[in-house]
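As they're listed, the protein sequences go chains D and Z.
Be aware that the first sequence starts at 1, since it is given in the numbering used here, and climbs by one per residue.
Be aware that the second sequence starts at 1001, since it is given in the numbering used here, and climbs by one per residue.
Rather than coming from a laboratory, the hints here were simulated on the basis of the structure.
Errors might be hidden in some of the hints.
As the list claims (entries may be wrong) - Here are the in silico distance ranges between beta carbons for each label pair: (1) Thr130(D) / Glu1081(Z): 47 to 57 Å; (2) Thr1032(Z) / Gly112(D): 35 to 45 Å; (3) Met1006(Z) / Val27(D): 44 to 54 Å; (4) Asp1161(Z) / Asp135(D): 36 to 46 Å; (5) Leu1025(Z) / Arg26(D): 19 to 29 Å; (6) Ser175(D) / Ser1143(Z): 44 to 54 Å.
What the hints assert, rightly or not - With a straight-line cut-off of 27 Å between C-alpha atoms, the simulated DSS-like cross-links for lysine-lysine are: (7) Lys87(D) / Lys1184(Z); (8) Lys22(D) / Lys1008(Z); (9) Lys1066(Z) / Lys1132(Z); (10) Lys1066(Z) / Lys1183(Z); (11) Lys179(D) / Lys1176(Z); (12) Lys147(D) / Lys1066(Z); (13) Lys187(D) / Lys1183(Z); (14) Lys118(D) / Lys22(D); (15) Lys87(D) / Lys1183(Z); (16) Lys1008(Z) / Lys91(D); (17) Lys1184(Z) / Lys91(D); (18) Lys1008(Z) / Lys179(D); (19) Lys1176(Z) / Lys147(D); (20) Lys1176(Z) / Lys187(D); (21) Lys1176(Z) / Lys146(D); (22) Lys113(D) / Lys1124(Z); (23) Lys87(D) / Lys1176(Z).
Using N, Cα and C, we set each Cβ at its ideal position, and we do this for glycine too.
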Amino acid sequence: MAELGNSGGGGGKKNGKVRSKKSDPRVDLTAMVDLAFLLITFFMLTTSLSKPQSMDLGLPDKEDKDEPEKDIKVDQRRTMTIIMGDKDRVKWYHGLLEAPEVNGKPTNAVYGKNGLRKEILSRVVSIPQTTGNKDKGLIVIIKPSKKSTYKNLVDVLDEMAICKVPTYAIVNDISPEEKLLIEEMNK
Amino acid sequence: MAKVKMSKKSTSIDMTAMCDVAFLLLTFFILTATAKVPEPLPVDTPSSTVQTKLPETDLATLTVGKSDGKEQVFFGVKGKEIRMATLDYVAQKYKVSFTENERLQFSLIDEFGVPVEGLKELLKLKSADRSKKGVQSGIPMDSLNNQLQDWIQYARKANIDINQKELQFAIKGDAKEEYPQIKKVMDILQNQKINSFNLVTGLRGKDY
């Protein structure tokens, strides 16, 4: 490939004189261009990918302590509660804990495609049908226990984004009954 | 007999122009690429499928992580001028004075995690030494000495002074961090009526 040197018939002997060889000034640049493009690709990809991703999170206003607490009543048919335990364990129930909806008893689940997502997706579809109003969709209540990790929280919030859950909230007060559930799960 | 000779075409092409363009682009990308600064508190962010990018300006980052078995919070604001103005406010509140050189040094730090009292010591160090383990111990954030809250408050003030914009907050937490620790940071933000913020995450594969 590299053609540094004589380009054919340049340096024959004529009249007995020794002519200095005329060297071709061209260099084969293929390898150099290859390398340059490789580096370009590398820098292009790394510059755009290294920007950190982020997830928006809006929390409700914190209520002042002196104000009387307002309980917001929601239709229990619409609420699904997800309780996060330690070691990536998670439990959910649909409706009220005392009186769960059909197929909504507290159940252990796993994070990801085949676990939590199936349950959420089926309810995203089914709840507007039971309430008969497409504005009244699923409400997910996320209850992270003390032992759950930040990764679990992001995973659940990610599920909310993937399943396009219309309403969800992170709730920090865990009732005694739910505490029992967590203890049972963490065993 | 005259033979018809096939003219042999040379297979080599002139690459000079292509090479020029390639290197021009290469130079451009190298120059625009932002060099990765070593983080004083390296954290392993959890991944998500959401693809919103963080804003480049008007952003403060709260890094929550663990180092040497201790929970630590580091704080950083984007923008040199805002950093300086924030430092001035904090210096006023804690009655510490910083020299012009120290202010300049501080404006170059992306993220730090020392109590205000230890800030002068930190600024004396070379930038390479600052990210060494054990040098920075995290910003105090308990109820008796809540310096983190002051940093947040003054950074917001400084940002409004300079950019006339509300500062955005991003929480960059380690995946293994337990929820109460993250909640503590969220509570500090919420106490100042910051109810919406970003969680920094990595990118997850499509088939998750």
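Okay, the hints, checked on the actual structure:
no. : hint                               : result
1   : Thr130(D) / Glu1081(Z): 47 to 57 Å : holds (56 Å)
2   : Thr1032(Z) / Gly112(D): 35 to 45 Å : holds (37 Å)
3   : Met1006(Z) / Val27(D): 44 to 54 Å  : violated (28 Å)
4   : Asp1161(Z) / Asp135(D): 36 to 46 Å : holds (43 Å)
5   : Leu1025(Z) / Arg26(D): 19 to 29 Å  : holds (23 Å)
6   : Ser175(D) / Ser1143(Z): 44 to 54 Å : violated (26 Å)
7   : Lys87(D) / Lys1184(Z)              : holds (21 Å)
8   : Lys22(D) / Lys1008(Z)              : holds (22 Å)
9   : Lys1066(Z) / Lys1132(Z)            : holds (14 Å)
10  : Lys1066(Z) / Lys1183(Z)            : holds (15 Å)
11  : Lys179(D) / Lys1176(Z)             : holds (22 Å)
12  : Lys147(D) / Lys1066(Z)             : holds (16 Å)
13  : Lys187(D) / Lys1183(Z)             : holds (24 Å)
14  : Lys118(D) / Lys22(D)               : violated (76 Å)
15  : Lys87(D) / Lys1183(Z)              : holds (18 Å)
16  : Lys1008(Z) / Lys91(D)              : violated (76 Å)
17  : Lys1184(Z) / Lys91(D)              : holds (24 Å)
18  : Lys1008(Z) / Lys179(D)             : violated (86 Å)
19  : Lys1176(Z) / Lys147(D)             : holds (11 Å)
20  : Lys1176(Z) / Lys187(D)             : holds (20 Å)
21  : Lys1176(Z) / Lys146(D)             : holds (13 Å)
22  : Lys113(D) / Lys1124(Z)             : violated (51 Å)
23  : Lys87(D) / Lys1176(Z)              : holds (10 Å)
Checked against the numbered hints above, the structure violates hints 3, 6, 14, 16, 18, 22; every other hint is satisfied.
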